[in-house]
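Chains as they are written, first to last, in this note's numbering: chain A, 1 to 295; chain E, 1 to 295; chain Z, 1 to 295; chain V, 1 to 295.
Worth flagging that the hints you see were computed from the coordinates, not collected in a lab. Do not take every clue at face value.
Since copy identity is lost for identical chains, a pair holds within one copy or between any two.
To be verified - Keeping only pairs whose Cα atoms sit at most 30 angstroms apart, straight-line, the calculated DSBU-like set for lysine-lysine is: (1) LYS212 with LYS101; (2) LYS129 with LYS100; (3) LYS100 with LYS274; (4) LYS101 with LYS118; (5) LYS103 with LYS91; (6) LYS11 with LYS103; (7) LYS100 with LYS212; (8) LYS274 with LYS101; (9) LYS91 with LYS101; (10) LYS118 with LYS274; (11) LYS165 with LYS103.
Note that the structure is a prediction, hence the values are computed from the model and not measured.
4 protein chains.
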Amino acid sequence: MDIQTVLLQMKDTAFNARRIGMAYQILNEMMTDTKCTKFLSLSGALIPAGMRSLLSEVISRGIFDVIVTTGATLTHDLIEALGYPHIRLQKSFSDIDLRKKGKSRILDATIEDQAFEKLENWLRSLLAKANDDGSLKGTISPTILLKELGLAISDQISVLSAAAKRNIPIFCPALTDSMLGLHVALLGQEIDLRIDPCVELREILDISFESKRTGALIVGGGVPKNYTLQAMLVSGRSLSYGVQVTMDRPEHGGLSGASLEEAISWGKVDPQAKIVTVVADATIALPLLLGSLLE
Amino acid sequence: MDIQTVLLQMKDTAFNARRIGMAYQILNEMMTDTKCTKFLSLSGALIPAGMRSLLSEVISRGIFDVIVTTGATLTHDLIEALGYPHIRLQKSFSDIDLRKKGKSRILDATIEDQAFEKLENWLRSLLAKANDDGSLKGTISPTILLKELGLAISDQISVLSAAAKRNIPIFCPALTDSMLGLHVALLGQEIDLRIDPCVELREILDISFESKRTGALIVGGGVPKNYTLQAMLVSGRSLSYGVQVTMDRPEHGGLSGASLEEAISWGKVDPQAKIVTVVADATIALPLLLGSLLE
Amino acid sequence: MDIQTVLLQMKDTAFNARRIGMAYQILNEMMTDTKCTKFLSLSGALIPAGMRSLLSEVISRGIFDVIVTTGATLTHDLIEALGYPHIRLQKSFSDIDLRKKGKSRILDATIEDQAFEKLENWLRSLLAKANDDGSLKGTISPTILLKELGLAISDQISVLSAAAKRNIPIFCPALTDSMLGLHVALLGQEIDLRIDPCVELREILDISFESKRTGALIVGGGVPKNYTLQAMLVSGRSLSYGVQVTMDRPEHGGLSGASLEEAISWGKVDPQAKIVTVVADATIALPLLLGSLLE
Amino acid sequence: MDIQTVLLQMKDTAFNARRIGMAYQILNEMMTDTKCTKFLSLSGALIPAGMRSLLSEVISRGIFDVIVTTGATLTHDLIEALGYPHIRLQKSFSDIDLRKKGKSRILDATIEDQAFEKLENWLRSLLAKANDDGSLKGTISPTILLKELGLAISDQISVLSAAAKRNIPIFCPALTDSMLGLHVALLGQEIDLRIDPCVELREILDISFESKRTGALIVGGGVPKNYTLQAMLVSGRSLSYGVQVTMDRPEHGGLSGASLEEAISWGKVDPQAKIVTVVADATIALPLLLGSLLE
Numbered sequence: 001m002d003i004q005t006v007l008l009q010m011k012d013t014a015f016n017a018r019r020i021g022m023a024y025q026i027l028n029e030m031m032t033d034t035k036c037t038k039f040l041s042l043s044g045a046l047i048p049a050g051m052r053s054l055l056s057e058v059i060s061r062g063i064f065d066v067i068v069t070t071g072a073t074l075t076h077d078l079i080e081a082l083g084y085p086h087i088r089l090q091k092s093f094s095d096i097d098l099r100k101k102g103k104s105r106i107l108d109a110t111i112e113d114q115a116f117e118k119l120e121n122w123l124r125s126l127l128a129k130a131n132d133d134g135s136l137k138g139t140i141s142p143t144i145l146l147k148e149l150g151l152a153i154s155d156q157i158s159v160l161s162a163a164a165k166r167n168i169p170i171f172c173p174a175l176t177d178s179m180l181g182l183h184v185a186l187l188g189q190e191i192d193l194r195i196d197p198c199v200e201l202r203e204i205l206d207i208s209f210e211s212k213r214t215g216a217l218i219v220g221g222g223v224p225k226n227y228t229l230q231a232m233l234v235s236g237r238s239l240s241y242g243v244q245v246t247m248d249r250p251e252h253g254g255l256s257g258a259s260l261e262e263a264i265s266w267g268k269v270d271p272q273a274k275i276v277t278v279v280a281d282a283t284i285a286l287p288l289l290l291g292s293l294l295e
Numbered sequence: 001m002d003i004q005t006v007l008l009q010m011k012d013t014a015f016n017a018r019r020i021g022m023a024y025q026i027l028n029e030m031m032t033d034t035k036c037t038k039f040l041s042l043s044g045a046l047i048p049a050g051m052r053s054l055l056s057e058v059i060s061r062g063i064f065d066v067i068v069t070t071g072a073t074l075t076h077d078l079i080e081a082l083g084y085p086h087i088r089l090q091k092s093f094s095d096i097d098l099r100k101k102g103k104s105r106i107l108d109a110t111i112e113d114q115a116f117e118k119l120e121n122w123l124r125s126l127l128a129k130a131n132d133d134g135s136l137k138g139t140i141s142p143t144i145l146l147k148e149l150g151l152a153i154s155d156q157i158s159v160l161s162a163a164a165k166r167n168i169p170i171f172c173p174a175l176t177d178s179m180l181g182l183h184v185a186l187l188g189q190e191i192d193l194r195i196d197p198c199v200e201l202r203e204i205l206d207i208s209f210e211s212k213r214t215g216a217l218i219v220g221g222g223v224p225k226n227y228t229l230q231a232m233l234v235s236g237r238s239l240s241y242g243v244q245v246t247m248d249r250p251e252h253g254g255l256s257g258a259s260l261e262e263a264i265s266w267g268k269v270d271p272q273a274k275i276v277t278v279v280a281d282a283t284i285a286l287p288l289l290l291g292s293l294l295e
Numbered sequence: 001m002d003i004q005t006v007l008l009q010m011k012d013t014a015f016n017a018r019r020i021g022m023a024y025q026i027l028n029e030m031m032t033d034t035k036c037t038k039f040l041s042l043s044g045a046l047i048p049a050g051m052r053s054l055l056s057e058v059i060s061r062g063i064f065d066v067i068v069t070t071g072a073t074l075t076h077d078l079i080e081a082l083g084y085p086h087i088r089l090q091k092s093f094s095d096i097d098l099r100k101k102g103k104s105r106i107l108d109a110t111i112e113d114q115a116f117e118k119l120e121n122w123l124r125s126l127l128a129k130a131n132d133d134g135s136l137k138g139t140i141s142p143t144i145l146l147k148e149l150g151l152a153i154s155d156q157i158s159v160l161s162a163a164a165k166r167n168i169p170i171f172c173p174a175l176t177d178s179m180l181g182l183h184v185a186l187l188g189q190e191i192d193l194r195i196d197p198c199v200e201l202r203e204i205l206d207i208s209f210e211s212k213r214t215g216a217l218i219v220g221g222g223v224p225k226n227y228t229l230q231a232m233l234v235s236g237r238s239l240s241y242g243v244q245v246t247m248d249r250p251e252h253g254g255l256s257g258a259s260l261e262e263a264i265s266w267g268k269v270d271p272q273a274k275i276v277t278v279v280a281d282a283t284i285a286l287p288l289l290l291g292s293l294l295e
Numbered sequence: 001m002d003i004q005t006v007l008l009q010m011k012d013t014a015f016n017a018r019r020i021g022m023a024y025q026i027l028n029e030m031m032t033d034t035k036c037t038k039f040l041s042l043s044g045a046l047i048p049a050g051m052r053s054l055l056s057e058v059i060s061r062g063i064f065d066v067i068v069t070t071g072a073t074l075t076h077d078l079i080e081a082l083g084y085p086h087i088r089l090q091k092s093f094s095d096i097d098l099r100k101k102g103k104s105r106i107l108d109a110t111i112e113d114q115a116f117e118k119l120e121n122w123l124r125s126l127l128a129k130a131n132d133d134g135s136l137k138g139t140i141s142p143t144i145l146l147k148e149l150g151l152a153i154s155d156q157i158s159v160l161s162a163a164a165k166r167n168i169p170i171f172c173p174a175l176t177d178s179m180l181g182l183h184v185a186l187l188g189q190e191i192d193l194r195i196d197p198c199v200e201l202r203e204i205l206d207i208s209f210e211s212k213r214t215g216a217l218i219v220g221g222g223v224p225k226n227y228t229l230q231a232m233l234v235s236g237r238s239l240s241y242g243v244q245v246t247m248d249r250p251e252h253g254g255l256s257g258a259s260l261e262e263a264i265s266w267g268k269v270d271p272q273a274k275i276v277t278v279v280a281d282a283t284i285a286l287p288l289l290l291g292s293l294l295e
């Protein structure tokens with residue numbers, strides 16, 4: 001039984017199976033709407049969880065026009081590109097032992113400390129050179145920096161690389177909240193390079209303003225979700241399509257778990273929009289949804 | 001892409017995707033262990049959610065030897081067998097309006113009040129007749145009653161019917177906590193029929209005692225989960241295989257969300273057992289897991 | 001600052017603080033409504049968590065008229081009455097080690113295996129004697145059994161004892177899903193004693209029928225929640241007051257996390273009822289709510 | 001009964017009651033450690049939820065040395081300071097109606113659209129003047145901007161004002177992900193003002209480096225949590241005290257729900273640290289914890 005058939009059957013059930021079926025249908029409609037600018041908001045440790053090749057394939061195929069994500073996701077992408085894959089943990093472990101061995105844990109995946117040293121060296125060399133030749137100099141938008149990084153990577157299954165090749169902008173409004181942003185900040189004391197998040201904000205607003213319609217697949221919450229929805233609010237281009245995949249819930253009032261219905265009151269989502277929230281771990285939902293869309 | 005391939009790929013990822021991949025592997029091993037008595041513990045409104053044909057197919061194929069479930073699940077199965085399917089709700093509704101229209105809601109599914117009247121009449125007629133001819137008379141185990149109900153149903157995709165045909169016992173330790181149990185209790189004032197949960201308990205203990213090894217797929221928590229694990233504890237046949245699919249979490253101390261590791265301390269699960277908990281809505285996880293097992 | 005003041009202030013905030021403030025207000029109103037029969041539905045390992053003296057005090061004070069609970073809660077109450085308190089675990093432990101030491105774990109509390117042996121011996125002796133003198137003989141309602149157990153306990157802070165002394169019935173529709181029920185079932189092979197859950201069901205329905213109004217504090221979900229609400233449905237006495245304290249959520253369709261609004265569609269809750277769901281660990285919410293009510 | 005007594009009693013129970021009791025104890029120890037730099041990480045809509053006066057009181061009393069928070073929290077603080085309180089919603093509402101009425105919803109609280117117009121005008125006037133007189137000119141750290149805003153507010157119960165008066169730095173690494181940041185970005189096209197998150201990052205690292213010991217109260221997850229822990233990692237000052245209050249869970253691998261134990265593997269938390277995670281809505285936990293600390 002293929003997953004598309006399963007998703008279509010689920011649409012006629014109830015609870016979250018019905019919701020994931022509806023999500024598939026909405027994403028399908030969004031994909032075929034050529035007047036719709038498609039946003040992909042990514043939070044959560046998707047790359048340590050093994051979703052990297054799926055995400056890069058989706059980006060390579062041009063299904064989305066804009067990516068909004070966290071500095072952590074881009075850091076994870078870079079260190080895998082530099083040859084340091086995340087390793088799955090076996091059942092029994094001790095965080096104190098992991099620390100002694102120089103392995104950092106993300107639930108049941110680990111990464112070696114050496115990966116971050118490699119990242120630092122690679123960035124230092126790349127940015128110094130780009131600063132010298134003027135390609136990355138002065139005050140720039142993070143999107144420019146991220147595109148340069150993507151072009152510098154040879155790894156075929158990188159999110160940054162796939163986006164750079166297709167000229168899909170990556171917005172990362174909290175870049176300094178990551179090891180990637182940290183090294184940029186530290187290098188900024190040595191070379192003439194500053195990132196300006198205000199320029200980046202005006203860029204995403206321009207893209208939204210110029211859109212006839214908008215749609216979004218929102219994976220997890222956090223800054224990427226809010227920043228995507230804020231662009232809709234400010235540009236007046238409320239979402240016509242909205243699919244949210246999250247384990248967060250609304251009852252304690254955080255933005256991450258807030259319903260897409262609530263976003264209607266803000267003007268972030270159109271009252272007539274096709275929307276659904278799937279309460280599921282993205283590592284299960286994305287291979288089904290994106291895997292089916294790719295076929 | 002077929003779902004078996006997806007599950008096998010998920011096994012090499014992390015978080016809950018890895019867990020559902022492991023669950024598939026463990027269930028596969030359990031299925032091929034001919035010395036293992038296989039328990040299926042079912043909680044949650046799986047039949048209103050549209051899982052009925054999947055569950056009845058799994059039961060018909062003899063994958064499990066014992067079913068432990070709630071009175072609600074059996075009630076849902078019966079009213080669907082009597083011609084009253086659960087209907088999916090559209091987006092906008094009011095519970096007060098539903099009440100006026102005689103429709104009762106389970107999240108996004110509804111059932112008509114008439115279904116329960118039909119159930120009452122059908123049960124009244126069936127049990128009176130069975131009481132007359134002596135097939136259901138005096139003090140009996142709920143398992144006897146449930147088998148008779150299963151044999152009386154002609155509907156091919158019924159859980160009760162599938163179990164009765166294959167002679168798979170259904171244990172329902174809280175039968176009076178359901179409309180099915182209610183009608184049995186009310187009829188017990190008119191005819192000579194009583195259910196004895198102590199006899200039922202001794203039956204499941206006997207099955208456990210006589211098992212060489214045991215395994216369980218535990219869907220949701222509640223009484224079915226605890227009753228299944230209690231049988232392992234008392235019989236000394238701690239689970240060798242255990243897969244738990246639930247959205248409940250351990251942090252507030254309830255049995256429903258308790259880890260299978262905790263059950264090792266009780267002797268309910270073997271220290272060497274192959275176990276995994278998948279944090280996912282069963283309506284998404286079961287079609288993947290059971291659908292793959294059926295192939 | 002006293003907790004009553006804090007709860008009253010919380011009523012004017014938002015999210016779950018507002019909800020717990022509303023819960024306090026609703027419970028206060030319910031308490032002063034002399035025409036209202038008050039149900040207390042208890043699920044979750046409240047006694048291992050240290051809520052025993054709070055619960056027994058609430059029961060002693062006659063705040064509730066009816067208790068519906070799990071066999072596990074009553075088992076926990078009995079073993080504490082027999083001198084085996086639940087011991088809090090320190091941070092680091094291994095479930096396999098606990099098993100070797102004969103300690104069973106409930107999240108971060110443990111109980112010794114000896115407690116269950118003591119329980120068995122105590123029950124065996126008590127029930128044999130009661131059977132001999134005719135006080136517990138033949139087919140009885142679980143409520144009769146539970147009252148006898150309560151009267152036999154000398155411990156002042158026991159839930160069973162407090163309820164028995166005030167003649168408050170305890171309903172336990174899944175008694176065989178517990179060590180207490182297990183020993184009753186095993187003794188039933190030696191002495192003339194059977195429990196009949198159908199009699200028990202008719203008892204709670206009678207109490208509901210005879211009520212002018214009903215109200216409930218529902219702690220956790222499971223069978224106690226459903227059984228309480230079922231009594232309202234069948235008796236036509238939909239709740240006028242309803243407070244639910246739970247960490248379960250509605251999105252996956254289980255009864256435990258179902259909203260009280262959904263219960264309106266069933267006729268279990270009155271459309272005009274004062275209702276609120278507090279999403280909080282009961283071990284935090286109950287000392288605040290019940291502690292304030294006791295003052 | 002006062003809340004301190006309740007928290008001390010809870011320490012001897014189990015589950016989350018025990019955890020909140022431990023949290024109180026750890027925060028108390030942290031408060032009296034004069035060599036410890038204390039971080040307060042704030043996520044979630046705490047001000048719409050009514051926690052503003054509690055938070056500003058805690059800041060005024062100097063309990064924490066550093067605040068890390070979201071742009072939304074600072075925006076909420078400003079619009080309340082400008083005379084637009086968040087209003088609690090009554091039970092029944094429609095998001096489409098709210099949109100028509102110009103009210104935006106955060107679960108059960110709303111804010112009028114006019115508040116954001118007022119904010120824009122106030123910021124425009126303030127920043128233009130500060131730009132003219134040179135107090136806010138060129139490329140600055142967000143912390144400088146936020147202090148100026150705090151000093152400009154006359155409202156006594158403002159978080160920004162309280163922090164500015166005591167010279168407690170506020171870090172907001174995703175400032176452009178908020179209406180406050182948006183207006184700064186748009187004004188940056190008219191006046192000579194840019195914010196530099198890299199300068200801000202170096203500032204928090206300097207504070208961490210200069211600390212003998214560090215401790216943190218982490219409310220909710222998101223960027224504030226990660227940014228706080230990242231500062232510990234990079235500076236080598238792993239937390240000696242850590243209290244986390246959240247409804248997020250670890251099972252799906254997101255940073256927001258990650259355990260403090262996991263942070264040990266990264267070197268963000270000391271292996272000997274006193275740590276606890278309280279799974280509770282912050283609107284319930286903070287009035288108890290912070291209210292007790294204030295006494």
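Quick rundown of the hints versus the structure:
1. LYS212 with LYS101: Between. Shortest inter-copy distance 25 angstroms satisfies the 30 angstroms Cα cut-off; intra-copy 53 angstroms does not.
2. LYS129 with LYS100: Neither. Shortest intra-copy (35 angstroms) and inter-copy (54 angstroms) distances fail the 30 angstroms Cα cut-off.
3. LYS100 with LYS274: between (50 angstroms within a copy, 19 angstroms between copies)
4. LYS101 with LYS118: within (17 angstroms within a copy, 47 angstroms between copies)
5. LYS103 with LYS91: Both: 15 angstroms inside a copy, 23 angstroms across copies.
6. LYS11 with LYS103: between (42 angstroms within a copy, 22 angstroms between copies)
7. LYS100 with LYS212: between (54 angstroms within a copy, 22 angstroms between copies)
8. LYS274 with LYS101: between (49 angstroms within a copy, 22 angstroms between copies)
9. LYS91 with LYS101: both (17 angstroms within a copy, 23 angstroms between copies)
10. LYS118 with LYS274: Cα proximity of LYS118 and LYS274: none, with 44 angstroms in one copy and 33 angstroms across.
11. LYS165 with LYS103: neither (32 angstroms within a copy, 42 angstroms between copies)
Checked against the numbered hints given earlier, the structure breaks hints 2, 10, 11 and satisfies all the rest.
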